[in-house]
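Visitor: Chains as they are written, first to last, in my numbering: chain A, 262 to 563; chain B, 31 to 355.
Keep in mind that the hints are not guaranteed to be accurate.
No more than 25 Å apart at the CA atoms, straight line, and that leaves these computed lysine-lysine pairs for DSS-like [stated by the list, open to error]: (1) A/284 / B/50; (2) A/284 / B/157; (3) B/154 / B/254; (4) B/154 / A/375.
Think of the hints as simulated: they come from the structure by calculation, not from any bench.
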Amino acid sequence: MKKRVKSLKELNKISPVTDIILKTVFAIMVGMTCVYPLLMIVGSSFTQNFSIVVDGYNVIPRVFSTEAYDFVFLKSPKLFRSYGLTIFITTVGSAIGVVIMAMYAYAISRKDLKYRRFFSLFAYVTFVFSGGLVPFYFVYSRVLGLGNTVAVMIIPYLVNVWYIVILRTFFASSIPDEILESAKIDGASEIRTFVQIVMPLALPALASVTMFTVLAYWNDFQLPLYFIEDSSKYNLQYLLYRIMSNMEFLAQDTNSISLEGPLPIESARMAMCVLGAGPLLIAYPFFQRYFVRGLTVGAVKG
Amino acid sequence: MEKKMIKKRKMKNKSVPAYKNRNFLEEMKRNRALYMMMIPVILILIINNYLPMLGLSIAFVKYRPALGLFNSEFVGFENFRYFFSTPDFINITKNTVLYNIVYIILDLSVATFCAIALHEMRKKRAKKIYQSFMLMPFFLSWVVVNYIFYSFLSVDKGFINTTIMQALNLEPISFYLEPKYWPFILVFAQLWRYTGYNTILIYAALMGIDNSLYEAAIVDGASKSKQIFRITIPMLSPVLIVMFLMLVGRIFYADFGLHFQVPNNSGALYEVTDVLDTYVFRSLRQMGNIPMAAAAGFYQAVVGMLIVVTANKVVKSFDESKSLF
Numbered sequence: 262m263k264k265r266v267k268s269l270k271e272l273n274k275i276s277p278v279t280d281i282i283l284k285t286v287f288a289i290m291v292g293m294t295c296v297y298p299l300l301m302i303v304g305s306s307f308t309q310n311f312s313i314v315v316d317g318y319n320v321i322p323r324v325f326s327t328e329a330y331d332f333v334f335l336k337s338p339k340l341f342r343s344y345g346l347t348i349f350i351t352t353v354g355s356a357i358g359v360v361i362m363a364m365y366a367y368a369i370s371r372k373d374l375k376y377r378r379f380f381s382l383f384a385y386v387t388f389v390f391s392g393g394l395v396p397f398y399f400v401y402s403r404v405l406g407l408g409n410t411v412a413v414m415i416i417p418y419l420v421n422v423w424y425i426v427i428l429r430t431f432f433a434s435s436i437p438d439e440i441l442e443s444a445k446i447d448g449a450s451e452i453r454t455f456v457q458i459v460m461p462l463a464l465p466a467l468a469s470v471t472m473f474t475v476l477a478y479w480n481d482f483q484l485p486l487y488f489i490e491d492s493s494k495y496n497l498q499y500l501l502y503r504i505m506s507n508m509e510f511l512a513q514d515t516n517s518i519s520l521e522g523p524l525p526i527e528s529a530r531m532a533m534c535v536l537g538a539g540p541l542l543i544a545y546p547f548f549q550r551y552f553v554r555g556l557t558v559g560a561v562k563g
Numbered sequence: 031m032e033k034k035m036i037k038k039r040k041m042k043n044k045s046v047p048a049y050k051n052r053n054f055l056e057e058m059k060r061n062r063a064l065y066m067m068m069i070p071v072i073l074i075l076i077i078n079n080y081l082p083m084l085g086l087s088i089a090f091v092k093y094r095p096a097l098g099l100f101n102s103e104f105v106g107f108e109n110f111r112y113f114f115s116t117p118d119f120i121n122i123t124k125n126t127v128l129y130n131i132v133y134i135i136l137d138l139s140v141a142t143f144c145a146i147a148l149h150e151m152r153k154k155r156a157k158k159i160y161q162s163f164m165l166m167p168f169f170l171s172w173v174v175v176n177y178i179f180y181s182f183l184s185v186d187k188g189f190i191n192t193t194i195m196q197a198l199n200l201e202p203i204s205f206y207l208e209p210k211y212w213p214f215i216l217v218f219a220q221l222w223r224y225t226g227y228n229t230i231l232i233y234a235a236l237m238g239i240d241n242s243l244y245e246a247a248i249v250d251g252a253s254k255s256k257q258i259f260r261i262t263i264p265m266l267s268p269v270l271i272v273m274f275l276m277l278v279g280r281i282f283y284a285d286f287g288l289h290f291q292v293p294n295n296s297g298a299l300y301e302v303t304d305v306l307d308t309y310v311f312r313s314l315r316q317m318g319n320i321p322m323a324a325a326a327g328f329y330q331a332v333v334g335m336l337i338v339v340t341a342n343k344v345v346k347s348f349d350e351s352k353s354l355f
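Chain A extracted, bound-state conformation (with noise of 0.2 Å):
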């Protein structure tokens, strides 16, 4: 008898018929668009050059093959030392540029801070008046003369304003000033009440904004784009871009001679895009609920 009383949100539920309808359509489309392209790299990079060359590319290898991991990991120094410069780039550039946008963030977040307001807006209005490339691109290269060195793809990115709203949103909301009084009154610093108490309360937010951080460094190819020529500092997205049309040149070069290049340019292509994604794709399962809490957390300024 009881269990034919169903409550009313099962009984609001779609019917399993439309429900298996709507996940055959998602699971199509999602398969189609996403998790297909993903994998025909894949598959490509464990191809023959020579299969793709004849063949085009492919999820399923034709003719598997490890050639093209074998070349870019014995033959291509620079993609190493790009690798190591991205690396440097996204932890340096991340771990300030967050502390940074915490301790602004914090600061105006205080209550009885006077010009807060002012501080505020110091920061809101670079969302709406911006130079623009061309001022930006002398102030870095004439001005401050950081053309070609590593600090350029570091500096312009420390700093992103909305991130400064979520975490100032955060403090305001979720940290009570009541422990901010009582470890005032406990005789504990504003630095140290920031370090000890602030920050560790703040975690979830701090996640969230590290990860954009991280994404935005780990997938930049425009700083490098705009300001490094010295190919020994190219970061590995430039790397890549600069690879692409490179190889093609490469490509139609030997193309006349004979369709088996020396080099397996087309698979290589394919196994340094594995490489260039990769690691974010592997770590993505594990920081994806950060991003997803630090997206709909911006969505809110309090």
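Based on the hints, put chain B in the right spot on chain A.
Guide: Structure of chain B alone, referenced to chain A:
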């Protein structure tokens, strides 16, 4: 009456924070640590944002690198006259605005559809999995996206030409040389990369809708579709309107990565793929035409700013808390 006044005054006194009575020096002394904490970001904002604003004046000089900004000859609006007289000016403005309009409309409607569909699905696990996969393209850099599109579109090795076109016995298409396909490819690429992201935003808003509304509707015998059209969508509309206006505010700024990487910066496609951001970049770094780049950049900065300010005003009238300032 008098009592009320006193009470009111008392409350007013209480609500006046202590800092109101501090002068500048006292405040600096008292909150010294907090102000010190702001210094790094202030410096970066000055370098990244405030100095370039001053640097916009480069659009009014005949810039010579050897002389620097201040010693270069002042030419007034000549750079602009030059820029506005080229056919590029109309083309890139049109491309930037039209692409953005299409992106905004499709992004919001597809994401709303996906969010509602995911919301109605029965298994929580399934929702999570779909969401994860849909968000994945957002994590790929535009360079990697370029590789992925290349592996489909390449004329002699791409999946479409070697597998699909061959199976249908059709001639291969050289996508990277034919402008007519690119509006569709760009729109698809944009939608592909951002749908997961937008879906999550809208999904979060869906979760916030009061459940008792649906319960009341069921009791009254409303069908699922009735519920979606009469409750879900109306309840979502404030969020959608704000998202819409914020995107409209950015209508003069294009996604550089999308328009630069996905068409592989192919010269044959500029007519349909070129937008303000890529045009400014090419003028500055590839053609070395600094006055042109500066004029186009100034044009984008000023018109862009006016649109952002207007959109923000409209947002404010809908929802005060969502406006930027």
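Visitor: For every hint, state whether the structure bears it out.
Guide: Hint-by-hint comparison with the structure:
1. Between the alpha carbons of residue 284 of chain A and residue 50 of chain B the distance comes to roughly 59 Å, so the proposed pair goes past 25 Å and is violated.
2. Annotation: proposed proximity of residue 284 of chain A to residue 157 of chain B holds, straight-line Cα distance about 9 Å (limit 25 Å).
3. At most 25 Å may separate the alpha-carbon atoms for a hinted pair to count; residue 154 of chain B and residue 254 of chain B meet this at roughly 19 Å.
4. This hinted pair does not check out: residue 154 of chain B and residue 375 of chain A have alpha carbons roughly 47 Å apart, beyond 25 Å.
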